[in-house]
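**Student:** Those protein sequence lines, which keep their order, are chains A and B.
Under the numbering used here, read the first sequence as residues 1 to 315, first letter to last.
Under the numbering used here, read the second sequence as residues 1 to 385, first letter to last.
The hints are simulated quantities; they were obtained by calculation from the structure and are not laboratory data.
Note that the structure is a prediction, hence the values are computed from the model and not measured.
Ideal Cβ positions, reconstructed from N, Cα and C, are used throughout, including at glycine.
A portion of the hints provided could be inaccurate.
Some chain B residues near chain A, calculated using beta-carbon distances under 10 Å [what the hints assert, rightly or not]: (1) I26; (2) Q27; (3) T29; (4) R219; (5) G220; (6) T221; (7) E223; (8) S224; (9) A227; (10) P229; (11) V230; (12) P311; (13) V377; (14) L378; (15) T383; (16) D385.
Distance condition first, Cα-Cα at most 27 Å in a straight line; then the derived DSS-like pairs of lysine-lysine [to be verified]: (17) B/K239 / A/K120; (18) B/K32 / A/K25; (19) A/K294 / A/K37; (20) A/K64 / B/K32; (21) A/K27 / B/K296; (22) B/K32 / A/K26; (23) B/K3 / B/K18; (24) B/K32 / B/K296; (25) B/K296 / A/K138; (26) B/K181 / B/K239; (27) B/K3 / A/K27; (28) B/K18 / A/K64; (29) A/K138 / A/K160; (30) A/K37 / A/K79; (31) B/K239 / A/K64; (32) B/K296 / B/K23; (33) B/K89 / A/K26; (34) A/K79 / A/K64; (35) A/K25 / B/K296.
Label pairs and their calculated CB-CB ranges [stated by the list, open to error]: (36) B/P265 / A/L82: 49 to 55 Å; (37) B/T29 / A/D99: 29 to 35 Å; (38) A/H183 / B/M40: 53 to 59 Å; (39) B/G238 / A/K120: 39 to 45 Å; (40) A/S30 / B/I384: 27 to 33 Å.
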Amino acid sequence: MISHTKSDEVAYAIDVHDLNKSFSKKKIISNLSLRVKRGQVFGLLGPNGSGKTTTMRLLCGLLKPDSGGGTCLGYDIEKESLQIKQHIGYMPQNFSLYDDLTVAENLYFVARLYGLDNQKQIVQQTILDTGLENVAHKLAGELSGGWKKRFSLAAVLMHKPKLLLLDEPTAGVDPKARRNYWHILHQLAQKEAVTIIVSTHYMDEAERCYEMAYIKNGDVLVQGTIPQIIADSKLITFNLSPCDSDELETQLSRLRIVKQVARFGNDLHVSGFDEQALKHEIGSLVSSHQRWEKIPTSLEDVFISLSNRQGSGHA
Amino acid sequence: MHKVKEWLLYHLLGSRLKAILIKEFIQLTRDKVAITMIMMLPLIQLALFGYAINMNPHSLPTAVVVGEESVFSREFIRGLQNTAYFDIKYQMLSIEEADKLMEKNDALFIISIPFNFSKELIRGQRPQILIEADATEPVAIANAVAAGQALIPHVYQEMTKRSLPDLQYIPPPIDLVLHQKYNPENITQYNIVPGLMGVILTMTMVMVTALAITRERERGTIESLLAAPVHPWEVMIGKILPYIAIGYIQLFVILFAAHYLFHIPMMGSLWLLLISSLPFILSNLVVGIMFSSISKSQLQAMQMTFYFFLPSLLLSGFMFPFSGMPLWARVIGEILPLTHYVRIVRGIMLKGNSWEIVMPELGAIVLFGITMLSIAVLRYRQTID
Ligand SMILES: Nc1ncnc2c1ncn2[C@@H]1O[C@H](COP(=O)(O)OP(=O)(O)OP(=O)(O)O)[C@@H](O)[C@H]1O
Ligand SMILES: [Mg+2]
C-alpha cells in the first residue's frame, strides 16, 4: 500500500472552500472553508449539532456538497472520491462494523475490502498491537462500548491511510486506553506524516491537537493553534475560588461587561474583555473573604464563550 | 368485585398503558410510506380479488382441428362459441400445429372433429368429438368442459327436429370424449407443485436482497462500507451472488419433493429447467436490490416485497386461471417474472417443452431483470443521505 501518490506532494491534506449542505431545505453547513496541513493532528470542535459529523462525511465523500469544493489529499472531493477513499480512514461516530461477525472476521473483511497484501499477517499484527487478543473471537456486537471504539480504530488503521477522519473516537473509552489512543495518533502523525482530523468534546483532547477549528452552525468560527485561539479571543478571566453562591453567579452573569460565567466545580470563571471594569465590578459584588484572582484564560473558557455567541446551535 | 374493577381500571387506563398507546400512535403516523401502504392495501386487494380474479373464466383460447367441413361441424363449433367459454381462435389446423399451440399456452383446448363426422352422425353411429384440454390449468378448464358436455344434447336439436328426428333420442348423437392432456388423472399437485417452485423463489429471493442494503443503512455499517473504495456494482453483485446458491438449494429441495413425495413427472429436460431458473432467480434478486436501494428502512423494504409478491401470486396464473383475467391484469401478469416462470416450469415438467418454447418466456424474464437492474443502479446511492 505504500505508494507514491498525489497525496505525498501537496502541502494541505485538506483544502476545501465554501462548502454548503442542506438537509430537507435546512442549511446544516454554510460556506465552510477549511485548510489542514499535512501531518497534523487537527481537532474539530463545536457544540452538539454544529455539523462536525456532517463536515467529516463531506470530506470523505459520504455526502455530496450542494455547492463549494476543494481537495482532499490533492484529489478533488467530488470527482475523485474513489482515489480519496483509497487513502483515507473514516471512523464514524457510531459503531459501523458488523455486529454479527467476530472481531477477527471484521478485520479480515476490511483487509480484503482494501485489497491488502499479507492479510493474515496484518490482521494478526493489528490484533496484537491494539490489545484485541482476548476479544478476537467474540462477536463484535458483544463488545462493550469502549472496546468497540478501540476495535474501530484498529480497523480503520489497517490499510495505512494517509488521512484519518475520526468522529469522536474516544467517547466512552477509559482514561488509560484514551492515553494510549492519543499516543498512537501522535506517532502516526510524526512518524508517518498521517494527517488526523479528530472531533471531540473533551478539552484535554483538544489540547493535544496541534491546531483546531471550532465549528458552530455549520461554519468555522475560529481556527488556529491553542495559544492563537486563546489570544484571538481577547478574553480576560478571573477565578473566584471557592465560590458556591448561586446568587453571586446570577448577579455576575447579568453584568453587561461580563461575557460569560462558567462554573468548574467549586471555582467560578468570570470572563470579559475589559480587565479594569471586570476588576471593579467583581470587587464591588463579592464579600471581603471571597478569594479571587486573574488567571490565564483556558481553552474551555474560550469555547464556552464561543458557544454562547449568536444564540444556540442546531437542535 | 370492587377490587377487580379497580385493578382493571388501573391497568387499562393507567398511565403506563397510555404512554405506550401514545408512543405507538406517534410512531405509526411518522412513517409516511407505511401509512400509504396500509391505506393502499385494501384498494390493491379489492382490485386484485374483486376484479382480476375470475374462477369461472370465459373466452378460453381454443383450436379446432376439423377433419371435415360441413353444416354439422360448423353448427357444433358455433354451439361451442355460443357457450362463451370457448374462443375459437384457430381453425384449419393440422394436429401438429394445434399441439404446438397448446405447448406454447396459446390454446387451452384442442377440439378435433373427425373426418367422417356428418356421415356417421346421420347414420346414427355417434361419431366421436375429441376435446383435449390443457389440464395443467384445471381451474380454467373445468367449467368450459362441463359447458361443452351440456351442449351436446342441444346443439343439433333445432336442425334434427325436422329432418332427422331419429337423432333426437338418448343417447345423444355425438360421443364427446374429453382428454385431459398433461395431467390425465387431474391431480391437483401437478398443477400446484411446479408453480410453487416459482412462488417460493420469488418470496425468498426478493426478500433477502431487499433487506441487504437497508440492513446496512439501518445498522450504520453503510458508513464504513461507503467510505471504502468499493464500486456500487461490487456491492450489488457481492450481495446477489451468495443467494443464487441459496436459490438453487431451494430449487433442488422442491424438485426432490416433487419427484419423491408428489410423484410429479419430469417430461422435459431437467437441465433446461435448471438453466432457465437462473434468469428467474437473478431477476428476483435484482428486484430485491432495487427495493433495497429505494427504501429507507428494512420495514419499508419488507412492505415493498409484499406488494411485489401479492400481485405475482395472484396474477401469474399460479393460483387463478390467467386466461380468466381482464386485460389490465394480464398485462401486469405478463410483466411479472413469476408468470413466465410458472409457464416454463409447468411446460418443462408436465408438457416436456423444449428450448424453442421456453425461450420467449425466458426473454420476458430477462427483460424484466435488466429493467429492474437499471433502476437499482440509477437509484443506488453512494452517499448516505
Ligand atoms: N441525514 C440528516 N438529515 C437531516 N438532518 C441531519 C442529517 N444529518 C445531520 N443532520 C442535522 O445536521 C446538524 C448537524 O449534525 P451533525 O451530526 O453534523 O452534528 P455534530 O456536530 O456531529 O453533533 P454531535 O456533537 O452531537 O455529534 C444537526 O442539526 C442534525 O440534526
Ligand atoms: Mg457528530
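**Student:** None of the hints should be skipped; say for each whether it holds.
**Tutor:** For each hint, the structure was consulted:
1. With its C-beta approaching chain A no nearer than about 18 Å, B/I26 sits outside the 10 Å limit, and its interface hint is violated.
2. With a cut of 10 Å, the hint placing B/Q27 at the interface with chain A is violated, because the nearest CB-to-CB distance is about 20 Å.
3. For B/T29, the interface hint is violated, the least distance from its beta-carbon to any beta-carbon of chain A being 18 Å, above 10 Å.
4. For B/R219, the interface hint holds, the least distance from its beta-carbon to any beta-carbon of chain A being 7 Å, beneath 10 Å.
5. At its closest, the beta carbon of B/G220 sits 5 Å from a beta carbon of chain A; the interface hint therefore holds under the 10 Å criterion.
6. Proximity of B/T221 to chain A holds as hinted, the smallest CB-CB distance being about 5 Å (cut-off 10 Å).
7. With a cut of 10 Å, the hint placing B/E223 at the interface with chain A holds, because the nearest CB-to-CB distance is about 4 Å.
8. Because the closest C-beta pair between B/S224 and chain A is about 4 Å apart, less than 10 Å, the hint holds.
9. The interface hint given for B/A227 holds, since its Cβ lies 4 Å from the closest Cβ of chain A, which is under the 10 Å cut-off.
10. A cut of 10 Å between beta carbons decides the hint on B/P229: the least distance to chain A is about 4 Å, and the hint holds.
11. Annotation: B/V230 was flagged as interfacial toward chain A, and the flag holds, the nearest CB pair being 7 Å apart, inside 10 Å.
12. Interface hint status for B/P311: violated, as the beta-carbon distance to the closest one in chain A is roughly 32 Å, over 10 Å.
13. The beta carbon of B/V377 is not positioned within 10 Å of any beta carbon in chain A (closest approach about 16 Å), and the interface hint is therefore violated.
14. Interface hint status for B/L378: violated, as the beta-carbon distance to the closest one in chain A is roughly 16 Å, over 10 Å.
15. A hinted interface residue such as B/T383 counts as satisfied when its beta carbon comes closer than 10 Å to some beta carbon of chain A; here the least separation is about 5 Å, so the hint holds.
16. At about 6 Å, the closest approach between the beta carbon of B/D385 and any beta carbon in chain A falls short of 10 Å, and the interface hint on this residue holds.
17. Restraint check for B/K239 and A/K120: the C-alpha separation of about 24 Å stays at or below 27 Å, so the hint holds.
18. The straight-line distance between the Cα atoms of B/K32 and A/K25 is roughly 19 Å, inside the 27 Å bound, and the hint therefore holds.
19. A threshold of 27 Å between alpha carbons decides the hint, and for A/K294 with A/K37 the separation of about 35 Å lies outside it, so the pair is violated.
20. A distance of roughly 26 Å separates the Cα atoms of A/K64 and B/K32; the hinted pair therefore holds under the 27 Å criterion.
21. Among the hinted pairs, A/K27 with B/K296 is consistent with the structure: their alpha-carbon atoms are about 22 Å apart, no more than 27 Å.
22. Restraint check: the Cα-Cα separation between B/K32 and A/K26 comes to about 20 Å, which is no more than 27 Å; the hinted pair holds.
23. Between the alpha carbons of B/K3 and B/K18 the distance comes to roughly 21 Å, so the proposed pair stays at or under 27 Å and holds.
24. In summary, the hint linking B/K32 to B/K296 is supported, as the alpha carbons are separated by about 11 Å, within the 27 Å threshold.
25. In summary, the hint linking B/K296 to A/K138 is not supported, as the alpha carbons are separated by about 30 Å, beyond the 27 Å threshold.
26. The straight-line distance between the Cα atoms of B/K181 and B/K239 is roughly 42 Å, outside the 27 Å bound, and the hint therefore fails.
27. At roughly 58 Å between alpha-carbon atoms, B/K3 and A/K27 are farther apart than 27 Å, so this suggested pair is violated.
28. Straight-line distance between C-alpha atoms of B/K18 and A/K64 comes to about 43 Å, which puts the hinted pair past the 27 Å bound.
29. The straight-line distance between the Cα atoms of A/K138 and A/K160 is roughly 25 Å, inside the 27 Å bound, and the hint therefore holds.
30. With a C-alpha separation of about 22 Å, the suggested pair A/K37 and A/K79 falls inside the 27 Å cut-off, and the hint holds.
31. Among the hinted pairs, B/K239 with A/K64 is consistent with the structure: their alpha-carbon atoms are about 25 Å apart, no more than 27 Å.
32. With a C-alpha separation of about 21 Å, the suggested pair B/K296 and B/K23 falls inside the 27 Å cut-off, and the hint holds.
33. Proposed proximity of B/K89 and A/K26 is contradicted: the alpha carbons are some 63 Å apart, above 27 Å.
34. At most 27 Å may separate the alpha-carbon atoms for a hinted pair to count; A/K79 and A/K64 meet this at roughly 10 Å.
35. For the suggested pair A/K25 and B/K296, the alpha carbons sit about 19 Å apart, so the restraint of at most 27 Å is met.
36. As the Cβ distance of B/P265 to A/L82 is approximately 54 Å, the hint placing it in 49 to 55 Å holds.
37. At roughly 30 Å, the beta-carbon separation of B/T29 and A/D99 lies within the given 29 to 35 Å, and the hint holds.
38. At roughly 58 Å, the beta-carbon separation of A/H183 and B/M40 lies within the given 53 to 59 Å, and the hint holds.
39. Between B/G238 and A/K120 the C-beta distance comes to about 21 Å, which lies outside the given range of 39 to 45 Å.
40. Taking the beta carbon of each, A/S30 and B/I384 are about 20 Å apart, not inside 27 to 33 Å as hinted.
Consistency with the previously given hints fails for numbers 1, 2, 3, 12, 13, 14, 19, 25, 26, 27, 28, 33, 39, 40, ordered from lowest to highest.
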